[in-house]
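Q: Spelled out, the chains give:
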Amino acid sequence: MRFSHLGVVAAVLAATASLAAAAVLAPRSVAPANVAPESVATLQPGRFSYQPAGDFESAGQTIDAPARATQLDAPLDVMVEPVSQAEYARCVAAAACPKLKGVDPAAANLPVVGVSWLEATAYAEWYAAATGEDWRLPTDEEWAYAAAERFHGEPPIASGDDFARRWLAKFDADAATARQSKAPKPFGHFGLNALGVADLSGNVWEWTNSCYERRAVDANGDARLLTRNCRVRALEGEHRMFMSDFIRDGVTGGCSAGLPPTNLGFRLVRAHASAVARMLSGVGALLAAL
Amino acid sequence: MINRRDLFLAAGAAAGAATVLTALPAMAEEAADLPRREVELVAPPFVHPHEQATRRGAEVVAFTMTIIEKEQVIDDDGTKIHVFTYNGSIPGPLMVVHEGDYLELTLVNPPTNAFDHNIDFHASTGALGGGALTHINPGEEVTLRFKATRAGVFIYHCAPEGPMIPWHVALGMNGAVLVLPRDGLTDGSGKPLRYDRVYYVGEQDFYVPRDADGAYKTYASAADSFVDMTALMRGLIPTHVVFNGAVGALTEKNALPAKVGETVLIIHSSAMRDTRPHLIGGHGDYVWLMGKFANPPMRDLETWIVPGGSAVAALYTFRQPGVYAYLNHNLIEAVFLGATAHFRVEGKWNDDLMTQVRRPGPIG
Ligand SMILES: [Cu+2]
Numbered sequence: 001m002r003f004s005h006l007g008v009v010a011a012v013l014a015a016t017a018s019l020a021a022a023a024v025l026a027p028r029s030v031a032p033a034n035v036a037p038e039s040v041a042t043l044q045p046g047r048f049s050y051q052p053a054g055d056f057e058s059a060g061q062t063i064d065a066p067a068r069a070t071q072l073d074a075p076l077d078v079m080v081e082p083v084s085q086a087e088y089a090r091c092v093a094a095a096a097c098p099k100l101k102g103v104d105p106a107a108a109n110l111p112v113v114g115v116s117w118l119e120a121t122a123y124a125e126w127y128a129a130a131t132g133e134d135w136r137l138p139t140d141e142e143w144a145y146a147a148a149e150r151f152h153g154e155p156p157i158a159s160g161d162d163f164a165r166r167w168l169a170k171f172d173a174d175a176a177t178a179r180q181s182k183a184p185k186p187f188g189h190f191g192l193n194a195l196g197v198a199d200l201s202g203n204v205w206e207w208t209n210s211c212y213e214r215r216a217v218d219a220n221g222d223a224r225l226l227t228r229n230c231r232v233r234a235l236e237g238e239h240r241m242f243m244s245d246f247i248r249d250g251v252t253g254g255c256s257a258g259l260p261p262t263n264l265g266f267r268l269v270r271a272h273a274s275a276v277a278r279m280l281s282g283v284g285a286l287l288a289a290l
Numbered sequence: 291m292i293n294r295r296d297l298f299l300a301a302g303a304a305a306g307a308a309t310v311l312t313a314l315p316a317m318a319e320e321a322a323d324l325p326r327r328e329v330e331l332v333a334p335p336f337v338h339p340h341e342q343a344t345r346r347g348a349e350v351v352a353f354t355m356t357i358i359e360k361e362q363v364i365d366d367d368g369t370k371i372h373v374f375t376y377n378g379s380i381p382g383p384l385m386v387v388h389e390g391d392y393l394e395l396t397l398v399n400p401p402t403n404a405f406d407h408n409i410d411f412h413a414s415t416g417a418l419g420g421g422a423l424t425h426i427n428p429g430e431e432v433t434l435r436f437k438a439t440r441a442g443v444f445i446y447h448c449a450p451e452g453p454m455i456p457w458h459v460a461l462g463m464n465g466a467v468l469v470l471p472r473d474g475l476t477d478g479s480g481k482p483l484r485y486d487r488v489y490y491v492g493e494q495d496f497y498v499p500r501d502a503d504g505a506y507k508t509y510a511s512a513a514d515s516f517v518d519m520t521a522l523m524r525g526l527i528p529t530h531v532v533f534n535g536a537v538g539a540l541t542e543k544n545a546l547p548a549k550v551g552e553t554v555l556i557i558h559s560s561a562m563r564d565t566r567p568h569l570i571g572g573h574g575d576y577v578w579l580m581g582k583f584a585n586p587p588m589r590d591l592e593t594w595i596v597p598g599g600s601a602v603a604a605l606y607t608f609r610q611p612g613v614y615a616y617l618n619h620n621l622i623e624a625v626f627l628g629a630t631a632h633f634r635v636e637g638k639w640n641d642d643l644m645t646q647v648r649r650p651g652p653i654g
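From first to last, the protein sequence lines stand for chains A and B.
So for the first sequence, our numbering puts the first residue at 1; every next one is plus one.
So for the second sequence, our numbering puts the first residue at 291; every next one is plus one.
Calculated from the structure, these hints are not laboratory results.
Only a predicted model underlies this, so the values are computations on that prediction, with no experimental measurement involved.
Distance condition first, Cα-Cα at most 20 angstroms in a straight line; then the derived EDC-like pairs of lysine to aspartate or glutamate:
| hint | chain 1 | residue 1 | chain 2 | residue 2 |
| --- | --- | --- | --- | --- |
| 1 | A | Lys170 | B | Glu636 |
| 2 | B | Lys437 | B | Glu349 |
| 3 | A | Lys182 | B | Asp501 |
| 4 | A | Lys185 | B | Asp367 |
| 5 | A | Lys99 | B | Asp503 |
| 6 | B | Lys507 | B | Asp367 |
| 7 | B | Lys543 | A | Glu154 |
| 8 | B | Lys370 | B | Asp503 |
| 9 | A | Lys101 | B | Asp367 |
| 10 | B | Lys543 | A | Asp174 |
| 11 | A | Lys99 | A | Asp245 |
| 12 | A | Lys185 | A | Asp104 |
| 13 | B | Lys582 | B | Asp473 |
| 14 | A | Lys185 | B | Asp366 |
| 15 | B | Lys543 | A | Asp172 |
| 16 | B | Lys549 | A | Asp162 |
| 17 | A | Lys170 | B | Glu542 |
| 18 | A | Lys182 | B | Glu542 |
| 19 | A | Lys185 | A | Glu238 |
| 20 | A | Lys101 | B | Asp503 |
| 21 | B | Lys638 | A | Asp172 |
| 22 | B | Lys360 | B | Glu430 |
| 23 | B | Lys638 | A | Asp162 |
| 24 | B | Lys549 | A | Asp172 |
| 25 | B | Lys507 | B | Glu361 |
| 26 | A | Lys182 | B | Asp503 |
Put together the whole structure using the sequences plus the hints.
A: Structure below.
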């Protein structure tokens with residue numbers, strides 16, 4: 001567990017307030033010659049207010065996920081940029097990731113898009129093995145913490161018991177969100193957030209490791225798990241949504257209401273270790289490779 | 291071997307032939323003595339104000355449409371094609387008259403356009419639906435008047451000559467006319483049927499050629515797209531099937547508003563391909579299946595058919611609030627190709643009609 005929950009809070013804390021100067025841009029990690037080194041931003045431990053992903057109910061009514069004060073317990077490294085097309089292509093070349101349409105092995109400055117959670121996970125496993133470091137997809141709360149002031153989450157649900165009113169409120173919120181163009185933008189196009197993480201909530205929605213959950217909140221504010229579906233994972237970006245793990249393109253072209261993600265991509269995180277420990281781990285990976 | 295220029299010259303020759311037809315001897319017409327009313331057209335999905343039933347005698351209802359050739363974005367990816375439009379919209383505006391009225395159209399082809407065009411009204415009688423009398427080159431205009439002798443919804447479309455016909459229609463040159471019975475719509479046994487709102491949905495198939503990488507091609511002009519596009523059209527599989535000219539033209543922020551208790555008349559036209567509208571969560575209370583009001587409407591339909599080359603009218607009273615998808619129930623065309631609209635319906639939820647007895651949760 002990298003986060004500890006400090007219980008439900010009534011007031012929503014501004015996510016960035018407690019995070020000022022929390023990030024330190026780390027030197028590039030040591031990596032084997034066939035793997036590009038990563039620019040990482042190190043997230044320092046801190047508290048923030050977080051509304052968990054999933055559907056929540058209370059007394060038989062759909063409710064907003066209760067905001068809870070959440071603590072990042074240990075420093076976390078997050079890739080400054082999403083995984084690039086060139087990086088993904090190296091995983092394909094190593095026969096560890098499926099070949100995807102539209103991935104340009106020369107595009108080191110463009111995010112890989114059109115990737116499913118399955119491919120993002122395959123990449124993470126390959127990259128972790130290649131570097132000897134514990135790279136993985138972030139959880140939804142880690143992503144939210146890293147996104148800081150760029151985090152959108154979900155629009156509030158209209159209060160009241162009328163199902164259709166909540167539905168229309170969600171429909172209106174989606175309709176008010178402008179569609180973005182699909183062409184992947186060069187790294188940096190959407191700028192850095194306060195923690196030095198680039199291109200959050202741009203035209204790429206990012207896979208997280210968090211499964212879909214349905215929870216019931218009791219009178220004490222405890223959110224009891226009812227069901228969990230790990231074939232569906234949380235996506236974060238301009239808004240949060242859930243997507244089946246094998247989907248590469250969430251844009252449908254119409255039909256049922258709901259704003260689709262423009263592109264699907266991802267970035268990875270790892271536990272932060274000291275530079276020396278990182279060097280040793282890198283050497284270890286090299287030795288293991290020999 | 292006919293090249294592209296020859297085809298265009300052939301179309302021009304046809305325009306010349308049409309000019310000869312204007313010398314046809316005319317039967318005596320009553321229209322000259324009738325009152326004349328000019329009506330401003332409104333872009334779909336909306337419809338110009340009109341009486342549903344009328345006590346007025348027959349009159350001449352005069353409309354003007356300008357043909358606009360332009361570029362239009364047709365999907366969320368920004369795919370842009372050169373389109374041909376009646377009055378700037380796909381479909382062209384809905385023109386409403388009553389049975390026995392004379393519909394008079396002045397069609398303008400501005401000098402800025404590159405192509406000759408005309409109009410074939412399925413509601414009219416003779417001269418290829420008026421197509422033979424309305425062929426105009428850029429810089430010309432023409433006025434046609436026809437008697438609306440049959441009540442119903444009817445399409446109109448451009449029909450210049452040969453391969454220009456399907457091409458112009460596939461580029462957007464089609465619309466519809468609503469000829470109402472003078473006493474308004476009925477259920478077929480005398481009960482009047484009235485609507486609070488009317489929406490006009492025009493289903494359009496587009497055929498956008500792709501390059502070697504599979505990306506949609508763009509062209510400097512409509513003429514430049516002709517050879518590739520008509521080659522693709524021969525395969526009969528559209529790249530886009532959309533409502534009102536573009537993916538998303540009637541969804542989300544463009545959703546069609548309505549309220550619980552309101553009755554909505556939905557006019558659905560399709561100039562070339564058969565289609566099958568369906569209102570998810572609702573029905574067709576009364577559907578004039580082939581779109582002609584001398585026939586009684588069918589009741590309580592789940593899905594109805596619109597044969598290519600026609601328009602159909604469906605009447606529905608909303609009973610439940612929420613979002614309704616109105617789509618072509620070939621769901622492949624609806625979801626992947628774009629043939630979807632949304633109704634956004636306000637009102638109070640009716641638990642008697644539907645209720646969630648138990649929320650989703652663990653089994654047992
Ligand atoms: Cu035309």
